[in-house]
Amino acid sequence: MTKALGQYVIYQVYPKSFKDSDGDGHGDLRGVIEKLDYLAQLGIDMIWLNPFYPSPQKDNGYDISDYTAIDPRYGTMTDFEDLVDQAGQRGIGLMLDMPLNHSSIDHDWFQAALSGDEYYQDYYYIRPAKADGSLPTNWASKFGGPAWAPFAGEEGEYYLHLYDRTQADLNWHNPAVRHDLYDILRFWLAKGVKGFRFDVMNVIGKDEVLVDSTGGPGSSQEKRLYTDTENAHRWVHEMNRASFGQNPDIITVGEMSSTTIADGIRYTQPDQEKLDMIFSFHHLKVDYQDGDKWTTMPFDFMALKQILNDWQRGMAAGQGWNALFFNNHDQPRANSRFGDPDNYPYETATMLAQTIHLMRGTPYIFQGEEIGMTNPGFDHLADYRDVESLNYYQILRDQGLDDRQAMAIIKEKSRDNSRTPMQWDDSDQAGFTTGQPWIKLADNYERINVAREVAQGKIFPYYQALIKLRHDLEIIQLGDYEGLLLDHPQVLAYRRRLDDQELVVFSHFYPGQAEVNLNQTDLNLNQAWTKLIGNGELNELTSQFQLGPYETVAFISGGPAVGS
1 MTKALGQYVI YQVYPKSFKD SDGDGHGDLR GVIEKLDYLA QLGIDMIWLN
51 PFYPSPQKDN GYDISDYTAI DPRYGTMTDF EDLVDQAGQR GIGLMLDMPL
101 NHSSIDHDWF QAALSGDEYY QDYYYIRPAK ADGSLPTNWA SKFGGPAWAP
151 FAGEEGEYYL HLYDRTQADL NWHNPAVRHD LYDILRFWLA KGVKGFRFDV
201 MNVIGKDEVL VDSTGGPGSS QEKRLYTDTE NAHRWVHEMN RASFGQNPDI
251 ITVGEMSSTT IADGIRYTQP DQEKLDMIFS FHHLKVDYQD GDKWTTMPFD
301 FMALKQILND WQRGMAAGQG WNALFFNNHD QPRANSRFGD PDNYPYETAT
351 MLAQTIHLMR GTPYIFQGEE IGMTNPGFDH LADYRDVESL NYYQILRDQG
401 LDDRQAMAII KEKSRDNSRT PMQWDDSDQA GFTTGQPWIK LADNYERINV
451 AREVAQGKIF PYYQALIKLR HDLEIIQLGD YEGLLLDHPQ VLAYRRRLDD
501 QELVVFSHFY PGQAEVNLNQ TDLNLNQAWT KLIGNGELNE LTSQFQLGPY
551 ETVAFISGGP AVGS
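Read in the UniProt record's numbering, the sequence shown has 505 at position 505, and its numbers run on one by one without any break.
Calculated directly from the structure, the hints in this document are not laboratory data.
Don't take every hint at face value.
Stated by the list, open to error - Each computed SDA-like pair below joins lysine to any residue, with the alpha-carbon atoms no more than 25 Å apart:
1) K440 to Q394
2) K191 to D82
3) K458 to D82
Claimed, not checked - Per label pair, the in silico range of CB-to-CB distance:
4) S258 to E81: 34 to 40 Å
5) D24 to H179: 43 to 49 Å
6) G400 to S220: 21 to 27 Å
7) H179 to N247: 16 to 22 Å
Beta carbons: idealized from backbone N, C-alpha and C, even for Gly.
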């Protein structure tokens, strides 16, 4: 690998909402090319592109009908090849999104299965109803409702879909399926891509014989039936050896829903020959009431601290590697969720960024977070496009909630919160398109946009500084991690160490003032500490100090100041 994993900063582009080059209201590859200079100015090393393959768009492109082509809405293969070339000239690699757990039911494989081709019927989990006529198992879809839909090709047969009913789960037990999927990876590697992000990768390992959940549909017990199984580990290793693992410069990350630290280590420990890093999501479930996403509650700060600390320590102990993030296309905007972007936009955005960017792992930036984009606050169901949100609105109504109550939850938890168009300037449609965007913009684009932020803002330069620090300082890239002040009710703090150097970080997650007392820690305050970077007025590390609203600060032992 040319660079250590800890040197990379990866920027996620949701192409549908990034930049529209032809006025059809839908972002495209030429739009990404138009904005490469902006991304180079930010300083990132790699772009993760969400799916742009042919798709019916039932799940915004994660329902793929052809894995080795470009959806005309996004452009052509020539556009893609130009993007690879133009990004490469700026020192930026491309990471492609690979949803290999399922395909669209429009895919040729599924259509052949429907037509009666037994060879392709074995590409999917097609099972008969039980003797009593009920579904093959009682499993729940993660998007709501049962995980089985009628397979029209056969009477009384059903196909498994852990996600939308138009996304049929692929049968990885079939060697022909695995061979075809690895061929897809080799196809894109030959096009010059430098990385892969694997969608819901830890649920590929279902058993051949599928059994009912004893914990009930959607329960934790049910998830264990198909999550992080030995099959999944074996097949990810096989995929590595058959494709990207032949090139040590390729960067890979797996999305691992409901995984454990032990499995995270097994997926990413280098000797395992599987993946470079994983996304885990436990820290983004701290505002789920009793584990239910579709609820509203203040986030549990102490749980957030504990989860981040446990994963930092646990993965390091086993030589695993974390992908560091608060935002992505499936999550509400973190500043709206964990801070106060109305009253403290700069402080909130930079505090959240610094918290993860100085941790052990590889940080990811989701488009717009570097300028402080927020949840759009849509009030009407007609403004939403996300299949999960639309399904759960109806589920919430069926549970007895009225429209106002259901919409309050959708407004906070919908995946569309992060999918609104990138806010480039204060012109019509925020410079995203000259046409009608596929989804509404946030109303605040006239004051929150790239042009204004780059010219006179403070969030974008702060992100630039954090990226430069990671590129420059080995202690950030490679240092050990240790949690500090673990019982503090408002401050998340930690220490990084490499050889004789130390770096300490303090992040205040609330408005008002926070008192910090370091007398009960083993920090050596007699050595020289220099402020590395911070978003507030604190400049000196002492045994006791105050942090202001959403203030974050980092100090490094010895050496000159690098940021401010």
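Those earlier numbered hints the structure runs against, lowest number first: The structure conflicts with hints 3 and 5, although it agrees with all the remaining ones.
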